[in-house]
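Q: In the numbering used here, each number is its position in the sequence shown, counted from 1, plus 707.
To be clear, the hints were calculated from the coordinates, so they are not data collected in a lab. Glycine included, each C-beta is placed from N, C-alpha and C at the ideal position.
What follows is a set of in silico ranges between Cβ atoms, one per label pair, in the way DEER data are often shown: (1) GLY753 to PHE864: 29 to 39 Å; (2) TYR793 to ASN771: 17 to 27 Å; (3) LYS795 to SER863: 52 to 62 Å.
Listed next, the in silico BS3-like pairs over lysine-lysine satisfying Cα-Cα at most 27 Å (straight line): (4) LYS785 to LYS831; (5) LYS732 to LYS802; (6) LYS805 to LYS870; (7) LYS867 to LYS845; (8) LYS785 to LYS732; (9) LYS870 to LYS845; (10) LYS749 to LYS802; (11) LYS848 to LYS865; (12) LYS799 to LYS749; (13) LYS805 to LYS845; (14) LYS867 to LYS855.
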Amino acid sequence: IDYEGQTVSKVSRSAKGTNRVNMQKIQVFKSGEKDSISGLVKGLQGAEFTFKLHSEVNHVGWDNATTYAVITTDSNGKANTPYLPYGKYIVKETKTPKDYITAPDFTISVTDDYSEYKDVEQVKRVNVNNRPFSSQLKIIKLDAESGKKVTLNGASFKIKDSKG
Numbered sequence: 708i709d710y711e712g713q714t715v716s717k718v719s720r721s722a723k724g725t726n727r728v729n730m731q732k733i734q735v736f737k738s739g740e741k742d743s744i745s746g747l748v749k750g751l752q753g754a755e756f757t758f759k760l761h762s763e764v765n766h767v768g769w770d771n772a773t774t775y776a777v778i779t780t781d782s783n784g785k786a787n788t789p790y791l792p793y794g795k796y797i798v799k800e801t802k803t804p805k806d807y808i809t810a811p812d813f814t815i816s817v818t819d820d821y822s823e824y825k826d827v828e829q830v831k832r833v834n835v836n837n838r839p840f841s842s843q844l845k846i847i848k849l850d851a852e853s854g855k856k857v858t859l860n861g862a863s864f865k866i867k868d869s870k871g
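Sequences and hints are given; from them, build the entire structure.
A: Laid out in structure tokens, this is it:
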């Protein structure tokens, strides 16, 4: 609004704006190690990721915050969100493929507007790499009569899964 002088108490103008919220799609690629082969990873199908605004989660908690996108990876390990509005999002892996570790929560920001480009789809990509779940096991042999620990040098054990 231009200055109208000291004697004008109220200046009024009307104008139309073309501002819109910056929006962008995000692609998640989920992969993981198999049998400790590093570097050779394949996309993992069936991982589900949920996107919620960081500020809202901090204010009302994860369960009460609005869900902006829920995506599930395809057979190539990829999943795309719809256009998400400007903001910083917390992304939680809400379903994990069997025998793999759930990825820790991470944040991603939408800062630029790519919704206006109809000819070329601009997607922000995130890679999430997890290894299969593994754990250490400690075996303690107990005497059947006394219940005390037994030390056996050279003892070996065979460990089987539920299918033998």
